[in-house]
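Asks: One-letter residues, chain by chain:
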Amino acid sequence: MRVAMRATMRVAARAVMRAAARVAARVAGSCPTVCVRMALVLTIALCLGTLAACGSMPDSVIVVAGSTSVQPYAEVLAEEFEHQHSENGIDVQGGGSTAGVTAVESGIADIGMSSRSLKEAEQALWSIEIAKDGLAVIVHPQNPIADLSLTQVRGIYSGEISRWSELGGVGTQIHVIAREEGSGTRSAFEELVMGNHRITPRAIIQDSNGAVMQLVADDRNAVGFVSLGLVELHPDAVKALRLDGVEASGRNVVSGTYGLYRPFLFVTDGEPKGLTKQFVDFVLSAPGQQILEREGLVPVTADREDEG
Amino acid sequence: MKLSARAGQRIAKTLIWAAAVAVLAVLLFVILYVLIKGLPIVNWGFLTEIPRNMGRDGGIASTIVGTLLITLVAIVIATPFGLGTAFYLAEYTREGRITRIIRFSAESLAGIPSIVYGLFGFIFFVDILHLRWSILSGGLTLAVMILPTIIRTSEESIRAVPDIYREVCFSLSATKWQTIIKVVFPSALRGIANGVILSVGRCVAETAAVVLTAGAPLRMPSSLSSPTRTMAVHFYLLVREGISMDNAFGTAALIVILIFIINVGANALINRAMSKNRTR
Amino acid sequence: MMRKFREKLPGRIFFLLALSSISVLALITVFIVVQGAPIIARVGVIDFVFGMSWAPSQGEYGIFPMIVGSLSVTLGAVVLGVPIGICCSIFLAEFAPVRLRNLFRPAIQLLAGIPSVVYGLWGLIFIVPFIRNYMGGPGLSILAGSVVLAIMILPTVISISEVSILALPPAYKEGALALGMTHWQAIRSVQLPAAKSGIVAAVILGIGRAIGETMAVIMLLGNAVALPSSILDPIRTLTTNIGIEMGYATGEHREALFATGIVLFVVIMILNSTAQTIVKRKKDQ
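Protein chains in written order, with the numbering used here: chain A, 1 to 308; chain B, 1 to 280; chain C, 1 to 285.
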């Protein structure tokens, strides 16, 4: 139904544009002023160019869209991939995990990036884990607190604990920073830490890992949660807290002692084919995984099986 | 005790001077800060290379191309429609309820936040028309966004052309079309061009609507159906993700310079066009 | 025959162009309403507009804190920006030495064209740390947003009020001076009242810009969805709600963002009608 509607609209749009071009051409012939004529010719050229472009989208470009947490890594991977296969292009695009999945469903993107597990309604899509990423709870480097229990973190984020003194720190108010609704990082945090509790509405909301990190780096009273990979790239800017005594590090994610992590997924509509498959294969290959590890993520093991 | 008129004048004058100096200081502070932080970053490589490593290295060539293309698409599409509408409203209809409704809706739509246009563009162009994230989707969205501004400014300047011009023309037995193209259009050109320049500036500076509709890849666009990242979006992402403040300021400085060039260049062009018209 | 056709043709084309422009503009309006109205109907207008809790994942859609956010940030920007802006336009129209004026005008034009995200970053670097260190709170706050928005509306307010002061017939000022008024008395009791409608229009346009701003305030306001208790608290506006969540939203959540758009639309329409009424009353006089 949706597809049919879209097809009809596309046909209609093209017909309209073609008609407009024809009318414009006629007018251009009868216009006295050069400048007007030029503008019209430009318009016509543009309309025609548009039609041509719509009709012949090159096969050698794929669109990868979704989670802003995965986006930087995908950009690095795409750059390396394009370096090896210069005839192909990978367009990486943010938007968010949910947007990525929706974009794949509606055919706007070839690969969706998700920084959370797929929800039940999304299980029909093909998906594969490309890496694991820890979630680090971060504070200002000069914050005396270095270790919290999961229950304490939950207390901070549900708003029950509002001063650092309740946790053994100074008496100032805690500035709670969270991500926005729909973010994969947020939903992973909600799932792993919050359980049935809600993140307090008083929390400051930022729309990217980088923004949360900058804010925490600038504010002694702030607490936030971000991708562990990002913290490992900037170890001096913020301090990642130990949770229940376990250090937040890639090694502890691999060994399973640090429980706060989520998968980074690539999602496609059906088994990947052509360039999409090439890119997915590249990401899962040893060089691809090495890039991810270098950038601070936890690579997936080789003897893995496809999901979904 | 009542202040004498002279003392009142002195106090008011001091306050007004103070306000003006404060405004000028803030304005210069903003502009100079961006230029001082940004200009040292800008060199030939910054202008001609494609961003590498998420924009940490390399230049911003692809975003410059993207910005220019999106702006071009938006202006080329919106100008004929906007001008046509303005001429229709000003020259071909009598003032009535319909023109009032059109004008009110154009004015309201000119005030609608760009993010709402982004919403519309994302669902309509990107998804329903299936243009995907592309220069075309972004350009069309921006075209829709600037259309009300172009209609309003053009209509105003067409109406500002004194009726006597038209009457003289008709009395020389010129047709309506001849009158419009030879007399009304040239006289209204400055106002119309100002509206278009304003719109160019808005397109270059727009972030919210573009990021939703044109995408954000770092590659050089290959056709109008490629997605692209504009300079303003590049700046926003560099800052937001904390990737590289240096390159962000370099980008910002270039945007400021680009807008300056557009303002100055367009003014010069109009002046030339106007003087040419006068000698003819 | 041919000649007649050619005479009629331009009018027809202009009509077609006008028709298509108008239908595109109508399409947007209809589109936003169609996308957003169902959720308002389901939640109920009162619960949507006055609801206190925004938690799309729990199916709770109340945007009252954001309405308060938009209004308070805009009010702050107006209180800070408008008096200075009007003073500045008086300065430019009446007192400024020619040289200074020639420096001012292009600077203002340039500032109107700078992307709002640049202002956002500027605020993040200078205003936010200042508030955090010297006034308390997290820094991201109504105050930070208001200060930066005040700067952003200055070009609009200054240029439009200046034009309306300059547009007055010189006889107004000359008459006032001839009656023995000082220059300031002439400005205050003759020129400003006469230019009132233009200045009001400038302020309303400035308000429109402040309410509509998205990216800069995303960076400065902190975006918390709770009623603030002071101007140092973070807050979310209607526009930032769309900007921050749009990329992520599907289904009902997306509809709710469109519904937020409808509310914005209504606010802008009200502002616009007010402006038109003011201008019209002035014309009638």
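Hints may contain errors.
Calculated lysine to aspartate or glutamate pairs in the DMTMM-like style (CA-CA distance at most 20 Å, straight line) [stated by the list, open to error]: (1) C/Lys280 with B/Glu156; (2) C/Lys280 with B/Asp127; (3) C/Lys280 with B/Glu107; (4) B/Lys13 with C/Glu7; (5) A/Lys132 with A/Asp281; (6) A/Lys273 with A/Asp147; (7) C/Lys4 with B/Glu107; (8) C/Lys8 with B/Glu156; (9) B/Lys182 with B/Glu91; (10) B/Lys176 with C/Glu174; (11) B/Lys182 with C/Glu174; (12) B/Lys176 with B/Glu107; (13) C/Lys196 with C/Glu94.
Listed next, the stretches of chain A that the computed footprint assigns to chain C, with coverage defined by at least 3 CB atoms under 8 Å from CB atoms of chain C [said to hold, decoys possible]: (14) 135–142; (15) 175–183; (16) 211–219; (17) 232–246.
If you're looking for bench data, these hints aren't it; they were derived computationally from the structure. All residues carry an ideal CB built from backbone N, CA and C; glycine is no exception.
Asks: So, for every hint listed, does it hold in this structure?
Replies: These are the hints, each one checked on the structure:
Taking the CA atoms of C/Lys280 and B/Glu156, the gap is about 16 Å. The hint holds against a cut of 20 Å. Annotation: proposed proximity of C/Lys280 to B/Asp127 is violated, straight-line Cα distance about 42 Å (limit 20 Å). For the suggested pair C/Lys280 and B/Glu107, the alpha carbons sit about 15 Å apart, so the restraint of at most 20 Å is met. Under the criterion of a C-alpha separation no larger than 20 Å, the hint pairing B/Lys13 with C/Glu7 is inconsistent with the structure, at around 59 Å.
Of the pairs offered as hints, the one joining A/Lys132 and A/Asp281 holds, with about 17 Å between alpha carbons and a cut-off of 20 Å not exceeded. Distance hint between A/Lys273 and A/Asp147 is unfulfilled; the C-alpha atoms sit about 47 Å from each other, more than 20 Å. For the hint pairing C/Lys4 with B/Glu107, the CA-to-CA distance comes to about 35 Å; that exceeds 20 Å, so the pair is violated. Simply put, C/Lys8 and B/Glu156 have alpha-carbon atoms about 24 Å apart, too far for the 20 Å limit, and the pair is violated.
In summary, the hint linking B/Lys182 to B/Glu91 is supported, as the alpha carbons are separated by about 14 Å, within the 20 Å threshold. Proximity of B/Lys176 to C/Glu174 is assessed by CA-CA distance (about 43 Å); at most 20 Å being required, the pair is judged violated. Between B/Lys182 and C/Glu174, the direct Cα distance comes to roughly 39 Å. Violation of the 20 Å bound is thereby established for this hinted pair. Taking the CA atoms of B/Lys176 and B/Glu107, the gap is near 28 Å; set against the 20 Å cutoff, the hint is violated.
In summary, the hint linking C/Lys196 to C/Glu94 is supported, as the alpha carbons are separated by about 16 Å, within the 20 Å threshold. Here's how the region 135–142 of chain A fares: 0 of its residues keep a CB closer than 8 Å to some CB of chain C, so the rule of at least three is not met and the hint is violated. Coverage of the region 175–183 of chain A by chain C holds in this model, with 5 residues showing a Cβ closer than 8 Å to a Cβ of that chain against a need of three. Residue count for the region 211–219 of chain A with a Cβ under 8 Å from a Cβ of chain C: 4. That meets the three needed, and the coverage hint holds.
A count of 0 residues in the region 232–246 of chain A with a Cβ less than 8 Å from any Cβ of chain C is obtained; the coverage claim is therefore unmet, three being the minimum.
In this structure, the earlier hints numbered 2, 4, 6, 7, 8, 10, 11, 12, 14 and 17 are contradicted, and the remaining ones agree with it.
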